[in-house]
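J.: Residues per chain are reported as follows:
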Amino acid sequence: MSRTRFRLAGATIALMLAAVAGCSGGEGVDVDGNDAAGAGGVLNAAIGGEPDQLDPHKTSAYYSFQVLENVFDTLVEPDANLEMKPSLATEWTTSDDQLTWTFTLREGVKFSDGSPLTAEDVVYSYNRIIDEKLNNAYKFGTVKSIEASDPKTVVVTLNAPTPNLLANLGGFKGVAIVQKSNVESGEITTKPVGSGPFAVENYSSGDSIRLVRNDNYWGEKPKLDGVRFTFVSDPTVALQNLRGGEVHWTDNLPPQQVPALLDGDDPTVQSVPSTDYWYLSLNQARKPYDDVNVRRAIAFALDREAITKAAKFGLATVNQAAIPQNSAFYYEYAPYSHDVNQARQLLDQAGVSGLSMDLMVTSEYPETVTAAQVIASQLEAVGITVKIRTLDFAQWLDEQGAGHFDSFMLGWLGNIDPDEFYYAQHHSDGTFNFHKYANPNVDRLLDQARTETDQAARKQQYDQVAKQIVDDASYIYLYNPDVAQGWSKQVSGYEVRTDRAIRFRDVALAR
Amino acid sequence: MARFVIRRLLQSAVVLLGVTLVVFLLLQLVPGDPVRVALGTRFDPQTYEALRARAGLDQPLVVQYFDYLRRALTGDLGVSFRSGRPVTAIVLERLPATLSLAVTAVVFAMLIAFPLGIVSAIRSGSLVDHAARVFSQFGVSVPDFWMGIMGILLFSGVLGWLPPSGYVALTEDPGRWASHVALPAATVGLVTASILTRFIRSSMLEVLSEDYVRTAEAKGLRTRVVVLRHVLRNALIPVVTVVAVQLASLLGGVIVIEVLFAWPGIGRLTYDAVAARDYPVLQGAVLLVAALFLLVNLLVDILYARLDPRITVK
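Chains as they are written, first to last, in this note's numbering: chain A, -5 to 505; chain B, 922 to 1235.
Quick caveat, the hints were computed from the structure, so don't treat them as lab data. Don't be surprised by glycine CBs; every beta carbon is placed ideally from N, CA and C. Be a bit skeptical, because a hint or two may be false.
Unchecked claim - On the chain B side, residues computed to face chain A include the following (Cβ under 10 Å):
hint, residue
1, G939
2, V943
3, E1127
4, V1180
5, G1186
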């Protein structure tokens, strides 16, 4: 009997080990790149989370776009200063009435599988977004039709002049040109085929995504053999990976350590102000927030420097308007000095005292949770009691959509054109105007600027919009965060971009 | 025995059915609309309706549930709400990582807990015993993620012996698999070892006070023989259950540890699925975990009957 017992135990363990061995799939390929034979090597990049899927038209996750930036192309693309430059389209003309845009495609562009990329693919890609009402359909709001007049020419016909059409068609890879057969086979979610500098070789769920150099790429051939993205959600662990050499590049750095890292030279850490902005929104459908004096009082009560220090460890630039300094549409306007007396006076004028305000923040963006505590203590000083409500993002979005809030803090990410900064948020018909702001003057200016083709006039209109929104405290703008990314000494040719696009096509790896 | 196994299998099937119903209903209670999460902040009503219809979420709940069951019976657990990939494939490809972590952690835990538990029971009240009790108190009370971070800072930061995170399949490169699994398995294993050590110690102490042990000692058997043949084997019976339960719960994925160490297992999948309200994936993951748990329990029941003839299979 006693012998049987132990044989059984042994058998169980053996069974388990067999199960483990049998179940581990995966190919016997060295994915580290440290000892790869090629000239360029494989760059290991650690991003903070896993893409939900790799279909550029269907995902809304930044993690996906970190990868896809290197896989897909758009007709035009933003350069370092966010001006639209030729990419798949080499040139374009606009009709006199501004309603017809004709794009000429680059000669000899191929998808990474070798098949040609023609005007038909552009038409297919855009119509897919529009017809299936995919996430970025709103970028085609003024588009009437898209046609391929010949394999190299795409004609976009509009309902109304759209000066920011280029930003809509090339601002990011969510409007990339995809391959019809790749979409129809369903492979696009895990093995998308694009025309960009790299191609997806392997997606190992939960673990990594491997890209290889696309030898059919139309531009200058990338120096790297490939890129391997891993998903490391803990910033301390990501930094440890970077220091230990397992990872060559990461954007998931512990914020409290970034100031010290910026001073060091190994790893190299750089930061630039981003086009993102974070703001406080007050629900104007609820009393007393419909009163502009109450909103302005809150704007005066806030000390933005203190909020930024607490929420971002100083890794942000305070801004009382939305558009950051490095944009051509920046409008310098900062009427709200931190002034407790002014705030109290405005509240008195509004006849408000003993106000208790609900402030909705989300654990999805921890900086809102931290900032909320600072905001609460600052508003306490003017007699407003803040009740912080921390929700997970799904629930937060529900509450926002239903208008169940006094106030919330959140950010808008990846904006390029001023239309993206203002229209949907502050137009009385705007899809994201959850706080029910309505100012006919702003509506008129936003509609006008949307179709204004004279750039100087357009800038002036948006300046007026910015001033009015700030004066009305439609949003109470807080800061533009910085983008901080770090890479090891082996990496050269990488630049941190203000739109957070991660481009590895010019990067080289010393070995 | 065969009848026993068949009956237990049928019982397990009923439990699984219950699991699907409970999970399905619980998900309805969770606040947060999956479609809204998938769309993010850039939301417009038309896109919303289109996506909702594509995911089948515009159907009545009863229809959704029975649809799910019908397909689940054929092994089709639906498609992920976010990636559009089949759930069955998604959960199965995460299994090896979790299995290898769980088994390694339990083996690691046993290697520590058995010697420690036995010695501390035999030398009850000694310095070793006190040390063992401090150890197990420590392991149970210190949060595992903190231990994990300390482990990373020490073994990969200061000493540079182990990679801080990541995963390599065992079949791909056993050496690199071992170096990657070491830290997470040790972290999880320490907690399990603490629980096991206490359990083995008390189980041993109980058996040590039995009459037959005194008899064995009285007939002049060496302590070594008494401990190994008479005490340990009898003390082992409840221990087997605890080990199995520990293993089964680790198979459910150690969420915090998998997330911390970027380990592509069931735990991390569950974590991501909850955040994204990816119901099909969440349901699939829970179903798989429940199935594994039931399977381990079934094996233990059978093993139990073999270990102790007094327990008869009815």
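J.: Now look at each hint and say whether the structure bears it out.
T.: To see whether the hints hold, each was checked on the structure:
1. G939: At 26 Å from the nearest chain A Cβ, G939/B fails the 10 Å test, so the hint is violated.
2. V943: violated, 20 Å
3. E1127: violated, 19 Å
4. V1180: holds, 6 Å
5. G1186: holds, 7 Å
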